[in-house]
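J.: Sequence:
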Amino acid sequence: MANKHNLISRLTRIVEIFQLQGENGLAFEELNNKLKNSFIDEDHSVSLRTFQRDLKDIESSLKIKIVYNKAKMKYILLDDASQKTSKNSQLFTIESLKMLNIAQDVSNSDFILIDNRKVTGLENYSTIKEAICLKKHLEFNYQKFDQYKAHKRKLMPLALKESKSRWYVVGFEIKDGLKINVLKTFALDRIYNCEVTTEFILKDTIDVQNHFKDFMGVTTKPLDGFSKKTTVKIETSIEYGKYFSTLPIHQSQKTEIENGKTIISLQVIPTMELVSEILSHNHQIKVIEPKELVSIVKKTISQNLKQYN
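Just so we're aligned, residue 1 is where the sequence shown starts under UniProt numbering, counting upward by one.
It cannot be assumed that every hint is accurate.
The calculated lysine to aspartate or glutamate pairs, modelled on EDC-like cross-linking and capped at a C-alpha distance of 20 Å, are [stated by the list, open to error]:
hint: 1; residue 1: K229; residue 2: E273
hint: 2; residue 1: K65; residue 2: E30
hint: 3; residue 1: K161; residue 2: D176
hint: 4; residue 1: K221; residue 2: E139
hint: 5; residue 1: K179; residue 2: D204
hint: 6; residue 1: K291; residue 2: E273
hint: 7; residue 1: K221; residue 2: E162
hint: 8; residue 1: K254; residue 2: D214
These are computed hints drawn from the structure, not numbers from a lab.
If you're wondering where the values come from, they're calculated on a predicted model, not measured in any experiment.
Whenever a hint applies, use it, and build me the whole structure from the sequences.
T.: Right, dumping it as C-alpha cells:
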C-alpha cells in the first residue's frame, strides 16, 4: 500500500509541477529538488530511469506528454491540439488521483483531520465520468427527497459539479427521444442503477462553467422578481469581512471599506441558495441592496422564527 501511495503522490506532484512551470520546463535535477522538498515525511526524489518510467505512466494513464527539449536541455509539458481534445479526461483523472492521494494520506496519518460525515453517491462517480469522457448517454433511476418513487431518466452528461460536499452531474435530459435544451443538474446521492448506454453527438459547444457563473452553487432557479444579474450588497464588520477575503461568497465578489464597515458586492442572479448562504452567517452580515432581496431575507427569517413559537 505504501509503495502504491508513493507512486500516486509522485505522479500527481510531477504533473502539478510541470503545469506550474508552463513552457519554461525543468531540468531533471530541478524537478528532483522540487520532488525532494514536496513531502514532509519522505524523500520522493527519483533516479533518471525511474523518472522516465514515470513519464510513460503519466502519458499512458493521463494522456499527458512531458518530453525532453534538447535545445532548452529541459523537460517540458506539451500543450498541443491532440492533448487539448482529451482535456476533460485529463482533468477528471488528475482530480481522481488527487482525491485518492488525499484519502490515503488521511488513512495513514493522525495529523490530517476531516469531517466524518459520509458523502453518499460517489459510487456512481466512475460510471458518470466514463459517460462524460466517452460522450455516451446515461440512464438511471432518480428519486428526489420529496418523492416516494424513483423515475427513469436519460441524460447527455457534460460535467460533474461539486457544491457544499455534494456532487452533481450536469447535462441535457432526453425525453421521448428528444433533447430538452435546458441544462439540468442531478445529485449523485439520488441516482440509482446508473449505466452508460449509447453514444451521442453534441452539435453545439456548451460552456457548462459559464452556465453557473451568475448563480450561487448549483441552483439556477431565480427568486421571484429576479430574472437578470443584479448587484447584491452585503454589509459586515471589518473583522468578519476578513473571513470573506479568504473564502469568497461568489467569484464576482468585490469588497470595500465604507464608514468603518466592509461592503461586499456580488454580481449574481439571486436564488434561494444565495439566501441560505446569507442566513448561514447569522447576525454577522446584513443585505443592504437590492431592497427586494432584503424583503425576501426578512420574510425567511420571520418564517424561521415561527418554527420556535
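J.: Next, verify each hint and record whether it holds.
T.: We went through each hint and held it up to the structure:
no., hint, verdict
1, K229 / E273, "holds, 15 Å"
2, K65 / E30, "holds, 18 Å"
3, K161 / D176, "violated, 26 Å"
4, K221 / E139, "violated, 24 Å"
5, K179 / D204, "holds, 13 Å"
6, K291 / E273, "holds, 18 Å"
7, K221 / E162, "holds, 18 Å"
8, K254 / D214, "holds, 14 Å"
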